[in-house]
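*Asks:* The listed protein sequences correspond, in order, to chains A and B.
Numbered continuously in my numbering, the first sequence closes out at residue 332.
Numbered continuously in my numbering, the second sequence closes out at residue 665.
Misleading hints may appear alongside valid ones.
[Stated by the list, open to error] Ranges between beta-carbon positions, derived for each pair:
1) B:Lys344 to A:Ala97: 34 to 42 Å
2) B:Cys624 to A:Trp125: 33 to 41 Å
3) A:Asp205 to B:Glu613: 38 to 46 Å
4) B:Cys624 to A:Ile25: 50 to 58 Å
5) A:Arg258 to B:Asn502: 28 to 36 Å
6) B:Glu548 to A:Ile25: 26 to 34 Å
7) A:Asp201 to B:Thr449: 46 to 54 Å
8) B:Pro353 to A:Leu95: 49 to 57 Å
9) A:Asp15 to B:Glu411: 30 to 38 Å
10) A:Asp210 to B:Arg553: 35 to 43 Å
[Claimed, not checked] Pairs of lysine-lysine, BS3-like flavour, derived with a Cα cap of 27 Å:
11) A:Lys315 to B:Lys600
12) A:Lys147 to B:Lys661
13) B:Lys344 to A:Lys217
14) B:Lys403 to A:Lys294
15) B:Lys403 to B:Lys600
16) A:Lys111 to B:Lys344
Since the hints were made in silico from the structure, they are not lab data.
Since the model is a prediction, treat every value here as computed from it, not as a measurement.
Think of the CB as a built atom: it goes at the ideal place given N, C-alpha and C, for glycine as much as any other residue.
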Amino acid sequence: MSDEGYINSSTLYKDNEEWKDITPIYPSKEEQSAVKIAASQDFIDVFAYFRAILIIKEKSERVLKLLEDCVRLNPANYTVWQYRREVLKELNSDLNAEMKYLDGIIEETPKNYQVWHHRRVIVEWLGENSAPYELDFTCDIIQDENKNYHAWQHRQWVIRTFKDNLNLLDSEMSFSLRLLLEDPRNNSAYNYRYFLLTIFDKTEDKETIDIEINLAKRFIEGMPNNESAWNYLTGLLLSNGILSDTGVVKFVEDLYERTEETKRSSFLLAFIADIMLEKIDQQIEAVESAERAKQLYTDLISLDPVRHNYWKHQKLLVDQMLNKTTYTTKMV
Amino acid sequence: MSFAGLLDFARKDIDIPASSPRNLLKDVHSQFIHQYQADHNSYMYIMSEHLRVSGIYWCVNAMDLSKDLEKMPSQEIIEYVKTCRNSDGGYGPAPGHDSHILHTLCAVQTLLIFGETIDSETSNEIASYVKSLQQEDGSFVGDIAGEIDTRFTMCSLATCHLINRPNTLNIQKAIEFIMRCYNTDGGFGTRPGSESHAGQVYCCVGSLAITGRLEEINRDRTAEWLAFRQCESGGLNGRPEKLPDVCYSWWVLASLAILGRLDFIDEKKMKRFIFACQDDETGGFADRPGDCADPFHTVFGIAALSLFGDETLEPVDPIFCMTKRSLGKLSIL
């Protein structure tokens, strides 16, 4: 955990007096002979001692240092992390010092599954007092890389685990809003907002949902080509349908009207087409809605040619839905 | 144009260099893979011990897809994989490493690719290892460290399918957990509440397909999210506003193939991107044009091209990412 480990590691374990009681285990002749490659010499030496320690199950301060060398050389080795937890537990080590150590490792390798998992276990051992620090720490990592999946997931875990003891909804909503103001295309931040609504039982709360819908509208207005904002809006309306919110319908129709034809975003056209599909489904002006939906999909084929087959598929879907509803109407 | 307007068109993507390859350079890839796995003294080989069995599967599968499997030293590889088996019934990445479901699946896949029979007793032991990973809520941990991830659900279901022990696991619970990870955008994440990610979509859609439960989701909605992963360059990204990467060519395309919607992707543009990720000198595929090639991106680049029916390649199974040839009756699509 100190800098000493790094200084010592420049010397090989096989030449270190303090380790002469341990017989290193080299897995194969080939690897032993590969010691000649300078870059891997250190690696082979350290892991030969790690293998030996795993067998005799030594749990000591010097082993913690050895494990730090293993991590330095390969932070993705999950057996190393697993054994480290066993040693920390046995020695009743200072977990706050471990957290400081992990801060550094994560800053160096922020996309490493094993180190994030290790951190989570240490936080579990430390309990809820460590939650505020975790929020600060993940905030720092997210500042550096605003879609870091591991950091967002760790933050979600902290919230889920300690939500009953801390009043976090408002501050977390502000946190994600701040990130969205910095980058309105940050899909991770939208996802986090929806996660918060779920975890704090707000998905059925009309007042909250209305605020979120307005937020999505604001972001779409400023950036109509923003996939994440449109997906967020669609997600909020998924259970009740878009038609349930006349404000949203009016908003997209207005946006359509006041945008020049060549500048309309494909997401806007697709969203209005979704409204038309809902109308056909509910038999509201079904024939007219079908006509309009098909026109929108035709426009989308030229506007977004990469997905031409998808838009063609949607166009066929319109006819299928229309046939189905007219058939049902006749039956009635 | 306003500043926001400028940003609005600044979508993340790459430009394909005009000089990049425009067709499949099959022979250099076989050389690349062959050399990669043969040189046990290389720096890369030694440093990659912690993921070796997975690495072996990537290499062996790439060669099988390229119809060059006979160039691999089958006996040596089979024996090595068998030495990675632990007393708990699972496989680690290398001898002496803890078992992990990722390597257990890759070990089983590698043995099957070589036509090796896994005997009944071994299958029972593997099945009981996989069973031990399932949690009460239906999710799966990957190893004794206890991390939960929908990747591990897919690997567990696939392993049990491939060793013909499909009823070992609590399928109902497994699917319930998968459905808790189904997001409002039509995608799936690693755990309930986690952001949709193309790799996780593949794992979840694959899990539903293996268990015959695809009707649980709105196929078109998931397929739409997947179709939106295609960028102007033709490449596919894993999440909105991320750069395209060849490995997503596999995860997105395979998911769409499982859903019966492969045509939602612009095939011509897609192939142009995948071809451009080849290194015409060293062989192999990189994540994107101009980067360094590796076996991981190579196998997924080749597998993606196979999905489009490239005749110089063996047909690939979209669920298990193995040749239809090696799967035989185990193929379910």
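*Asks:* Hint by hint, say whether it matches the structure.
*Replies:* So, going through the hints one by one against the coordinates:
{"no.": "1", "hint": "B:Lys344 to A:Ala97: 34 to 42 Å", "result": "39 Å, holds"}
{"no.": "2", "hint": "B:Cys624 to A:Trp125: 33 to 41 Å", "result": "39 Å, holds"}
{"no.": "3", "hint": "A:Asp205 to B:Glu613: 38 to 46 Å", "result": "59 Å, violated"}
{"no.": "4", "hint": "B:Cys624 to A:Ile25: 50 to 58 Å", "result": "32 Å, violated"}
{"no.": "5", "hint": "A:Arg258 to B:Asn502: 28 to 36 Å", "result": "55 Å, violated"}
{"no.": "6", "hint": "B:Glu548 to A:Ile25: 26 to 34 Å", "result": "48 Å, violated"}
{"no.": "7", "hint": "A:Asp201 to B:Thr449: 46 to 54 Å", "result": "53 Å, holds"}
{"no.": "8", "hint": "B:Pro353 to A:Leu95: 49 to 57 Å", "result": "52 Å, holds"}
{"no.": "9", "hint": "A:Asp15 to B:Glu411: 30 to 38 Å", "result": "34 Å, holds"}
{"no.": "10", "hint": "A:Asp210 to B:Arg553: 35 to 43 Å", "result": "24 Å, violated"}
{"no.": "11", "hint": "A:Lys315 to B:Lys600", "result": "22 Å, holds"}
{"no.": "12", "hint": "A:Lys147 to B:Lys661", "result": "41 Å, violated"}
{"no.": "13", "hint": "B:Lys344 to A:Lys217", "result": "22 Å, holds"}
{"no.": "14", "hint": "B:Lys403 to A:Lys294", "result": "53 Å, violated"}
{"no.": "15", "hint": "B:Lys403 to B:Lys600", "result": "31 Å, violated"}
{"no.": "16", "hint": "A:Lys111 to B:Lys344", "result": "20 Å, holds"}
The structure does not agree with the numbered hints 3, 4, 5, 6, 10, 12, 14 and 15 stated previously, though it agrees with the rest.
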